[in-house]
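Chains as they are written, first to last, in the working numbering: chain D, -4 to 292; chain C, 5 to 486.
One thing to keep in mind: the hints can contain errors.
Unchecked claim - Straight-line alpha carbon distances no greater than 20 Å define the calculated EDC-like cross-link-like pairs of lysine to aspartate or glutamate that follow:
{"hint": "1", "chain 1": "C", "residue 1": "Lys158", "chain 2": "C", "residue 2": "Glu136"}
{"hint": "2", "chain 1": "D", "residue 1": "Lys94", "chain 2": "D", "residue 2": "Glu78"}
{"hint": "3", "chain 1": "D", "residue 1": "Lys102", "chain 2": "C", "residue 2": "Asp141"}
{"hint": "4", "chain 1": "C", "residue 1": "Lys154", "chain 2": "C", "residue 2": "Asp138"}
{"hint": "5", "chain 1": "C", "residue 1": "Lys23", "chain 2": "C", "residue 2": "Asp189"}
{"hint": "6", "chain 1": "D", "residue 1": "Lys186", "chain 2": "D", "residue 2": "Asp143"}
{"hint": "7", "chain 1": "D", "residue 1": "Lys230", "chain 2": "C", "residue 2": "Asp141"}
{"hint": "8", "chain 1": "C", "residue 1": "Lys387", "chain 2": "D", "residue 2": "Glu83"}
{"hint": "9", "chain 1": "D", "residue 1": "Lys94", "chain 2": "D", "residue 2": "Asp153"}
{"hint": "10", "chain 1": "C", "residue 1": "Lys326", "chain 2": "C", "residue 2": "Glu290"}
{"hint": "11", "chain 1": "D", "residue 1": "Lys206", "chain 2": "D", "residue 2": "Glu252"}
{"hint": "12", "chain 1": "D", "residue 1": "Lys102", "chain 2": "C", "residue 2": "Asp445"}
{"hint": "13", "chain 1": "C", "residue 1": "Lys154", "chain 2": "C", "residue 2": "Asp141"}
{"hint": "14", "chain 1": "D", "residue 1": "Lys201", "chain 2": "C", "residue 2": "Asp388"}
{"hint": "15", "chain 1": "C", "residue 1": "Lys480", "chain 2": "C", "residue 2": "Asp414"}
{"hint": "16", "chain 1": "C", "residue 1": "Lys31", "chain 2": "C", "residue 2": "Glu406"}
{"hint": "17", "chain 1": "C", "residue 1": "Lys387", "chain 2": "D", "residue 2": "Asp153"}
{"hint": "18", "chain 1": "D", "residue 1": "Lys116", "chain 2": "C", "residue 2": "Asp481"}
{"hint": "19", "chain 1": "C", "residue 1": "Lys257", "chain 2": "D", "residue 2": "Glu234"}
{"hint": "20", "chain 1": "C", "residue 1": "Lys161", "chain 2": "C", "residue 2": "Asp182"}
{"hint": "21", "chain 1": "C", "residue 1": "Lys188", "chain 2": "C", "residue 2": "Asp71"}
{"hint": "22", "chain 1": "C", "residue 1": "Lys467", "chain 2": "C", "residue 2": "Glu406"}
{"hint": "23", "chain 1": "C", "residue 1": "Lys387", "chain 2": "D", "residue 2": "Glu227"}
{"hint": "24", "chain 1": "C", "residue 1": "Lys387", "chain 2": "D", "residue 2": "Asp187"}
{"hint": "25", "chain 1": "C", "residue 1": "Lys31", "chain 2": "C", "residue 2": "Asp182"}
{"hint": "26", "chain 1": "D", "residue 1": "Lys214", "chain 2": "D", "residue 2": "Glu234"}
{"hint": "27", "chain 1": "D", "residue 1": "Lys214", "chain 2": "D", "residue 2": "Asp153"}
By construction, these hints were calculated from the structure, which means they are not laboratory data.
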Amino acid sequence: MTNPNHTAHEPDFDAVTGQSTTGHSWDGIRELNTPLPRWWLWTFYITILWSIGYWLVYPAWPLISSHTTGLFGYSSRAAVALEVQALEQRRDQQAAGLKTASLEEIKASPELLRVALARGKASFAENCVGCHGQGGTGAPSYPNLTDDDWVWGGGLKDIQATIQNGIRWTQNADTRMGEMLAFGRQGMLKKDEIEQVVDFVRSLAKLEPAKGANLAAGKALYETNCASCHGEAGKGNREVGAPDLTDAIWLYGSSREAMIESVHNGRAGIMPAWASRLDPVTIKALTVYVHSLGGGQ
Amino acid sequence: MSSNAAIPDEDGPLYVSAKKVYPQRVKGRFRRIKWALLAFCLGIYYFLPFVRWDRGPALPDQAVLVDFERRRFYFFFIELWPQEVYYLTGLLILAAIVLFLMNAIAGRIWCGYLCPQTVWTDLFFAVERLIEGDRRDRIKLDAEGWSASKIGLKAAKHFVWLMIAWWTGGAWVLYFSDAPTLVKDLATFQAPFSAYLWIGILTATTYVFAGHMREQVCLYMCPWPRIQAALTDSDALNVTYKFDRGEPRASVKQAAQLKAAGQPAGDCVECKQCIAVCPTGIDIREGTQLGCIQCGLCIDACDDVMGKLGRPTGLIGYDTVKAVEARACGTSPPALRLVRPRTVLYAAIIAFVGGAMLYQLATRAFLNLAVVHERTPLFTTLKDGSIRNAYTLRIANKRSEERPIAITLDAPMGTTWEVAGAQQTADWRPIVIVPPDSTLDVRLFVTMPQPQARGPSQMIQIKAADLSFGENATVKDNFFAP
Ligand code: SF4
Ligand code: SF4
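Using the sequences and the hints given, assemble the complete structure.
This is the structure we're talking about:
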């Protein structure tokens, strides 16, 4: 069907504008031929050509169950895989340095230290923050790793051994063992005796004992029941993981109630042995990282 | 309307296919100025990367270098770090205002003489003229059919153009790496791929912009002609056809007849030389217009004609709208007003921004300290009840020597501090060695005993002091406690 308002005639010249016409006119209005600048058109054609080249070279068209793969089989997924591989290779090179160096050597070399801290930080975020918190700040019953109070020792070797073998992790033969007995539950101390011993311990730590507490009785109880692990002066014993009772840091809380609970029920926190899950280089890196958090000894 | 208009005027069609411009050779004052500026600008561009500047053994000795790898920018005695790129803002402001000022004084000086598009196009025109001949020969050559000699001429021209374009791209990459080394690497195909890529890109843009698009860049792509229209005023000098003197146009013979008949006759003899030499192919006699880049070549062309006719030169020349209009009304033109509120304001802004930048540059520190307080944990309680906070110090040494930096604290009595991995001086100040021209991150542990460690926080001052140069940098930060 043709448009009744449209007439076609031979292209001619429009005197008013000095421009040729297309040969179309609508309601007597003639359409001028006003071409775009040639360079503009060429740019446009080149982009079209480019897109055809692009279709050929790169994956472009969806098919029923797959897609065109392009001449060189490029895919962004493969490109990423390559990059990841290259990254892993670079990491392995850096790790090679960590593998042979001792913990002290790593600490002393700025280059190795940088690598170890970066690796340790990443691994810590992946494996440790669940219990020890971001930045190793700890939580009640999970030790704070940034302070200077270490239940099992804060030297490089101590930290490494703890990470490797865990604490009370019975699948591991070398795990750290030690037990705070449930003095109340197992009937070794009566309720008032527990309170006496707690008040005595509070006095050691310069915490407020209960009013009118019998410190002498507490002391006697302490010496028979507690001193074998925690020491005469309450300074603790890292061999058996007995915490220092004289300092300001209390893993399970420093309230009188929390302490009574500790003596009544005992405490036996568990840390997994990581030797079976992490490679030795990562454990070294973790050790150095934890040591650098501020508490390392 | 004249068919010479490069830009279609209001009544005409909106789009025209580009008309090829064949500028004619011209001699004269402005042509000489343009040659001199061309040689000067291109000389700087092509050879600056080879200029050396000694900065000591640790730093590159290239006078102007953008070192992306080490994130430094060197310009003779100035060395900028990434955090100082705000100088660029100042430079851009300066550049804009200088353009405005040029415009308020004498029109598009930038476009006519200094813009890379103009300079390279001018060079490409010169090559074209040298190989294909002047205007008439080129028009003829383009009109005739293909022959061996035409192919030869065209091939020669494009080859020379491409060589210039290639050298232009080559010079560009030299600003981003040690020039002599890079030249050697490029020649032996050892240079990084990006160098070849950029040479390719710049070769293409130079060849296309200066060889093929020419005035089209100014007419269609560049924003400056539009801005210029808003900036000029009737006191600004512009390349102007003085119609008061030129009109009515008449050939020498007609003019004599008109004069004899007691009628006025202008000086313009309608020789169209001004159009023939114009690199954008416009007719300046239609007035100041977007298409005019104000290169001054039509002045030279017209002066030449006037000289031959024994008439005074300057029918086309730098003039103001006010002066032309005054003369057209028969009054004497007002004096040139170079000092006007607009020029004074521009000059004042330039002086202010330039001064502020110089001051900033002259007084900037060569030792910087940035402190980030550790967030996890905010603080740590130690066995003896004292409180420890951890900070990361970033110490920037902007000198080309290694520097020992002592870390000291302004904090309550009894506070102790320790920098991980640092030596201590006899008076317990930790010393860190910061390598030349680099930054070093170190961890600082600050421990405050009770009861000084008041919660929730108090201010302490951390100071990095250079023991050899006596420079200091201090930063205040919080010390948190329960
Ligand atoms: S119009 Fe733009 S591209 Fe052309 S000379 Fe002026 S600034 Fe340069
Ligand atoms: S009109 Fe004159 S000043 Fe303007 S671009 Fe053409 S030759 Fe240059």
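Verification of the hints:
1. In summary, the hint linking Lys158(C) to Glu136(C) is supported, as the alpha carbons are separated by about 8 Å, within the 20 Å threshold.
2. With a C-alpha separation of about 24 Å, the suggested pair Lys94(D) and Glu78(D) falls outside the 20 Å cut-off, and the hint is violated.
3. Taking the CA atoms of Lys102(D) and Asp141(C), the gap is about 79 Å. The hint is violated against a cut of 20 Å.
4. Between Lys154(C) and Asp138(C) the alpha-carbon distance is near 15 Å, which keeps this suggested pair within the 20 Å criterion.
5. Distance check on the hinted pair: Lys23(C) and Asp189(C) sit about 43 Å apart at the alpha-carbon level, beyond 20 Å; violated.
6. At roughly 33 Å between alpha-carbon atoms, Lys186(D) and Asp143(D) are farther apart than 20 Å, so this suggested pair is violated.
7. Straight-line distance between C-alpha atoms of Lys230(D) and Asp141(C) comes to about 105 Å, which puts the hinted pair past the 20 Å bound.
8. Under the criterion of a C-alpha separation no larger than 20 Å, the hint pairing Lys387(C) with Glu83(D) is inconsistent with the structure, at around 41 Å.
9. Under the criterion of a C-alpha separation no larger than 20 Å, the hint pairing Lys94(D) with Asp153(D) is consistent with the structure, at around 18 Å.
10. With a CA separation close to 17 Å, the supplied pair Lys326(C) and Glu290(C) stays within the 20 Å bound.
11. Among the hinted pairs, Lys206(D) with Glu252(D) is consistent with the structure: their alpha-carbon atoms are about 15 Å apart, no more than 20 Å.
12. A threshold of 20 Å between alpha carbons decides the hint, and for Lys102(D) with Asp445(C) the separation of about 15 Å falls inside it, so the pair holds.
13. Between Lys154(C) and Asp141(C), the direct Cα distance comes to roughly 11 Å. Compliance with the 20 Å bound is thereby established for this hinted pair.
14. In summary, the hint linking Lys201(D) to Asp388(C) is supported, as the alpha carbons are separated by about 11 Å, within the 20 Å threshold.
15. Between Lys480(C) and Asp414(C) the alpha-carbon distance is near 9 Å, which keeps this suggested pair within the 20 Å criterion.
16. Among the hinted pairs, Lys31(C) with Glu406(C) is inconsistent with the structure: their alpha-carbon atoms are about 59 Å apart, more than 20 Å.
17. Restraint check for Lys387(C) and Asp153(D): satisfied, since their Cα atoms lie roughly 19 Å apart, inside the 20 Å limit.
18. At most 20 Å may separate the alpha-carbon atoms for a hinted pair to count; Lys116(D) and Asp481(C) exceed this at roughly 25 Å.
19. With a C-alpha separation of about 121 Å, the suggested pairing of Lys257(C) with Glu234(D) is violated against the 20 Å cut-off.
20. Under the criterion of a C-alpha separation no larger than 20 Å, the hint pairing Lys161(C) with Asp182(C) is inconsistent with the structure, at around 32 Å.
21. Using a Cα cut-off of 20 Å, the hinted pair Lys188(C) and Asp71(C) holds, with the two alpha carbons roughly 18 Å apart.
22. Straight-line distance between C-alpha atoms of Lys467(C) and Glu406(C) comes to about 18 Å, which keeps the hinted pair within the 20 Å bound.
23. Restraint check for Lys387(C) and Glu227(D): satisfied, since their Cα atoms lie roughly 18 Å apart, inside the 20 Å limit.
24. For the proposed pair Lys387(C) and Asp187(D), the alpha carbon gap of about 29 Å is over 20 Å, so the pair is violated.
25. Between Lys31(C) and Asp182(C), the direct Cα distance comes to roughly 40 Å. Violation of the 20 Å bound is thereby established for this hinted pair.
26. A C-alpha spacing of about 23 Å is found between Lys214(D) and Glu234(D), which places the hinted pair above 20 Å, so the restraint is violated.
27. Proposed proximity of Lys214(D) and Asp153(D) is contradicted: the alpha carbons are some 32 Å apart, above 20 Å.
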